[in-house]
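Mind docking chain B on chain A? Use the hints.
Okay, here's what each chain looks like letter by letter:
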Amino acid sequence: MSVESLVSQLKRGLDAPICLTWELTYACNLQCVHCLSSSGQRDPRELTTGEAKRFLDELRDLQVFYINIGGGEPMVRRDFFELLEYSISQGIGVKFSTNGAFIDADKARRLAAMDYLDIQISLDGTDAVTNDAVRGAGSYDMARRAMDNLAAAGFGPFKISVVVTRHNVDQLDEFKALADSYGAQLRVTRLRPSGRGADSWHDLHPTNAQQRQIYDWLMSHGENVLTGDSFFHLNALGDPLPGLNMCGAGRVVCLIDPIGDVYACPFVIHDEFKAGSVRDDGGFAKVWKQSPLLLELREPQSAGACSSCGSYDACQGGCMAAKFFTGLPLDGPDPECVVGHGEHILAEVNAALNPKPSMDHTKPVRVTLTSTRKLTVVS
Amino acid sequence: MTVLHTDSMTVLDTALELNPHVALRPEPFGALAYNYANRRLVFLKHPDMVKVANSLAHHDSLRATLEACDIAPERWNSFVTAFESLKSSEVVRER
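Protein chains in written order, with this note's numbering: chain A, 1 to 379; chain B, 1001 to 1095.
Among these hints, one or two may not hold up.
[To be verified] Derived CB-CB ranges, DEER-like:
| # | chain 1 | residue 1 | chain 2 | residue 2 | range |
| --- | --- | --- | --- | --- | --- |
| 1 | A | Glu223 | B | Thr1081 | 18 to 24 Å |
| 2 | B | Glu1074 | A | Phe81 | 25 to 31 Å |
| 3 | A | Met246 | B | Pro1047 | 18 to 24 Å |
| 4 | A | Met246 | B | Ser1089 | 48 to 54 Å |
| 5 | B | Glu1074 | A | Ser181 | 48 to 54 Å |
| 6 | A | Thr48 | B | Ala1023 | 24 to 30 Å |
| 7 | A | Ala351 | B | Pro1047 | 46 to 52 Å |
| 8 | B | Pro1026 | A | Arg166 | 42 to 48 Å |
| 9 | B | Ala1064 | A | Phe81 | 46 to 52 Å |
| 10 | B | Ala1023 | A | Gly282 | 20 to 26 Å |
| 11 | B | Pro1047 | A | Pro157 | 34 to 40 Å |
| 12 | A | Thr48 | B | Ala1064 | 33 to 39 Å |
The hints are simulated quantities; they were obtained by calculation from the structure and are not laboratory data.
Cβ atoms here follow ideal geometry from the backbone N, Cα and C, with glycine treated the same way.
Excised from the complex, chain A in its bound form (with noise of 0.2 Å):
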C-alpha cells in the first residue's frame, strides 16, 4: 500500500487514537500567554484518582500505545506519580510535557528509574529575556535546572519543546545546540491562536518571510528535529515536509481535558469541538467510536475557497483550530497560508465576534498588599 492511500486511511479515522492528549489539569505554576488550555486555577471537577485510573484501564483495552500528558502544569497534582507509575503497569507509555518546576534531583532520579517515560520540557527562547517574555519571570531557569537535574540523574534522551514565535524564530540553531549539548532531542512546534494563545497570537505568529525561514530549516534538518507533524500548512512552499501531512483531529489524535471532556485535538478547547466526556456512560471509547462530531470530521472535507489553488493538496487548507479561533471559515485557507489567502480574508474579519475559548482556568490579577493598604487608608 503507497503512503497515499495510508493517508486516506487514516482520513477515515483509527479504531483507537495514535496520538492521544490528556491534560491532567487545569492548575499551573506559569501563566504563558500562549497557554492552549488558558489554563491557571484548578478545576474543581477535575477526574478523581479512581476516574483516572479508570480511564487508564479503558485505554489500555483499546491499545493505546503512549499517551502525551499536558495541562497546566501536570507535576501539580498530588497523585502525578501514581498515575505515571499506574499508566506504564498497563502497558500505555508516557511523555508528559512540563515547565520543569518540580524536576529538583530527586524528582529527576525517580523519573529517571522509569521505563517507557519520556519528558518534555517547554522552552521558548534560549535567553531568559526572550522566553520569559513568553512563559513569566523565572521560567527559563526554571526549565534550564530541570534539564540539569535530568541530564545529572541519567535520564537519557529529553525532549526540549519550543513553540516558534516571531521573537524566537532566529533561535533555532541555537535551540539546536542546546539540545544537543544536553543529548536531548529538539520538538518545535506551530503557534495556534488557541487558548490565551487567541489575545498573543497576532502579536506573535511568525512573519510570512518567517514561516519561509521556518521550513527551510525543518527542511534541512528532516527528522532530526520532531514537529508533531504541525507545519503542514507549509508544505505549499515546495516538497513536502517529513510527516503524513494531514490534519489528525479527530481521526487519530484527541484530546481529553482535565475534567474528562473529549475535544477533536489539542488545540481546539472549545464546544463547538467537544465530542463527550470519559465520564459518560459508554465511557471514552464510545465517544472516540460513536460521537457524530468525530465521525463528521472522518468524512471527507471540502476545499471550499481553497478548490482553485494549486497549492491545496500541498496544504490540505492547513490547521481547523488557527481558522476557527481567528474567525475564518473551516473550508477556506488558513491564517497563515503562505500564499497570502489568509491573510486578505483576516483583513476583513472583525475580530471582536471571534470565537472565545469555552473555559478560562486563568488566575485572577491580585491585589498586592501595597495596593490594599492604600484603599483601607482612603476608605
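Relative to chain A, chain B alone:
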C-alpha cells in the same frame, strides 16, 4: 513461480519472530505495530501482513510462514521487501 533476487533469499530463509517489545493493534487497513523499546510506530498496511507477522514464530522461515498462510507466490516479493523493512525497524527479529 516468481524469481526472487539474491538478497531476498536471506530474509526468506530466515527464522523470524515478532520483537518481544512490539505490540500489534488491529486496524481496518492492517495493524499498527508499536515498539515500546525504541518508541517507533510502524504501519502494517495489509491484513495478510498481520497474519504472517503473527505466525512467524510457528515456522522455520519466512518462506514456510508464507506457505502456511496461503500467500500466493507472486506476492512473495512484496512480503520480502516489507519484512526486510520490518526487520530493520525492529518490529520483527531473527530467532
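Problem set entry | Cβ separation of Thr48(A) and Ala1064(B), checked against the hinted range 33 to 39 Å | violated (52 Å)
Problem set entry | Status of the given 34 to 40 Å range, CB of Pro157(A) versus CB of Pro1047(B) | About 35 Å separates the Cβ atoms of Pro1047(B) and Pro157(A), which means 34 to 40 Å holds.
Problem set entry | Outcome for the supplied range 46 to 52 Å, where the beta carbon pair is Ala1064(B) and Phe81(A) | Roughly 47 Å apart at Cβ, these two residues keep to the hinted range, so it holds.
Exercise. Has the hinted range 25 to 31 Å been met by the Cβ atoms of Glu1074(B) and Phe81(A)?
Worked result: violated (55 Å)
Exercise. That 24 to 30 Å hint for Thr48(A) and Ala1023(B) (C-beta), does it hold up?
Worked result: Holds - the Cβ-Cβ distance for Thr48(A) and Ala1023(B), about 29 Å, lies within 24 to 30 Å.
Exercise. How does the Cβ-Cβ distance of Ala1023(B) and Gly282(A) compare with 20 to 26 Å: does it lie in that range?
Worked result: Between Ala1023(B) and Gly282(A), where Cβ atoms are some 24 Å apart, the hint holds.
For this session: Kindly confirm whether 42 to 48 Å is satisfied by the beta carbon distance between Pro1026(B) and Arg166(A).
Result: holds (45 Å)
Exercise. Taking 18 to 24 Å as the hint, is the beta-carbon distance of Met246(A) and Pro1047(B) inside that range?
Worked result: 22 Å Cβ-Cβ, so the 18 to 24 Å window holds.
Problem set entry | Beta-carbon spacing of Glu1074(B) to Ser181(A) - inside the hinted bounds 48 to 54 Å or not | Given a distance of about 53 Å, which is inside 48 to 54 Å, the answer is holds.
Exercise. Between Glu223(A) and Thr1081(B), does the beta-carbon spacing fit 18 to 24 Å?
Worked result: holds (21 Å)
Exercise. Between Ala351(A) and Pro1047(B), does the beta-carbon spacing fit 46 to 52 Å?
Worked result: holds (50 Å)
For this session: For Met246(A) and Ser1089(B), compare the CB-CB distance with the range 48 to 54 Å and indicate the outcome.
Result: violated (21 Å)
Hint compliance for this structure: hints 2, 4, 12 are not met, and every other hint is.
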